[in-house]
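Participant: Those sequence lines, one after another, are chains A and B. Residues in the first sequence are numbered from 1 upward in steps of one, following my numbering. Residues in the second sequence are numbered from 1001 upward in steps of one, following my numbering.
Derived from the structure by calculation, the hints contain no laboratory data. Ideal placement from N, C-alpha and C gives every residue a C-beta, glycine not left out. Do not rely on the hints blindly, as some may be mistaken.
Label-pair ranges, simulated between beta-carbon atoms [said to hold, decoys possible]:
1. A1017/B / A32/A: 27 to 33 Å
2. V1164/B / Q4/A: 20 to 26 Å
3. G1165/B / R57/A: 34 to 40 Å
4. E1154/B / Q51/A: 18 to 24 Å
5. Q1134/B / R38/A: 20 to 26 Å
6. A72/A / P1163/B: 38 to 44 Å
7. K1138/B / D15/A: 44 to 50 Å
8. R31/A / A1060/B: 53 to 59 Å
Here are the simulated DSS-like cross-link-like pairs (lysine-lysine), alpha carbons at most 27 Å apart as the crow flies [to be verified]:
9. K1029/B / K1138/B
10. K1138/B / K2/A
11. K35/A / K1029/B
12. K1168/B / K1029/B
13. K1138/B / K1168/B
14. K1074/B / K35/A
15. K1074/B / K1029/B
16. K1179/B / K1029/B
17. K1029/B / K1086/B
18. K1179/B / K1168/B
19. K1086/B / K1138/B
20. K1086/B / K2/A
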Amino acid sequence: MKCQEVYHLIQAYLDVAVTPEQERQVEAHIRACPKCRRRLVSLAQAANRIQDGDRARVANDFTARLIARLEAGEPGAMAAPGPVEGRSGQRPKGEAR
Amino acid sequence: MESDERLAARCQQGDMAAFTELVNRYKDKVYNLAVRMLRDRGDAEDLAQETFLNVYRAVATFRVDERFSTWIYKIASNLCIDRLRKRRHLTISLDAPVQEGEELYRQVPDWSHAPEPLYEQSELREDVQAAIDQLPSKYRLIILLRHMQDMAYEEIATVMDLPVGTVKTRLFRAREILKRHLERMSEEGSPIHGRSV
């Protein structure tokens, strides 16, 4: 297999979204081709660095504040019929009401 | 442990305890996605609140045969994209008459305290975050859903209302850009912040 043919497969290989046959092809190619091997490693590193970032946490009173807003009947919070007048006037797209 | 979908079904019956449990399961996940999309912790927390208000309000439309995680990320993602779009709009129309003054001011990105405070808690290395920031917001969202939330192509496609093929194309491109950016930065030795890591 040529580098060009394996180009996109290397990306899919990273996502474990290849067939066993494609997996075999990618692995055979990168064993023989240092250039594609380097590319695969660099792509994997880029992905890992996003994965490995530590996760932040919301403030401790997050849930309490949210519930308070709901109980206060804040506009946009209640299951009111008709157009919702949220603070920013936006609704999630794709959430047909 | 009770499934998210089961909890959502209880929510539909007005069960506040079930809603609270869903909030506790997802608040940090939604917040982290928002932090990396919006680059502002205040905005991100605000967006997380907004997401759950929307969840509460729209829970009746949730179908129990879909995945709750996909549904809530769809809400959060749309709110992120909307907010970024508004920011962009604001940067070119700050002189326009203010209609909801307070709201408008709150949405102007406050670059004065970015990026430093962000990294105290959200320890994505700044070179990685800088590389992500280079991406157009829709590409950024795809790469975060894939690698932060560990979603498969099909799930991302559902969240973003895109064909699977488009998700793949954009993800692949985003990863190439990210890779090139990180390679360049490591060659240059990250001259912007000069951290000794």
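Participant: Against which earlier hints does the structure fall short, listed by number upward?
Facilitator: Failing hints, ascending: 1, 7, 10, 11, 14 and 20.
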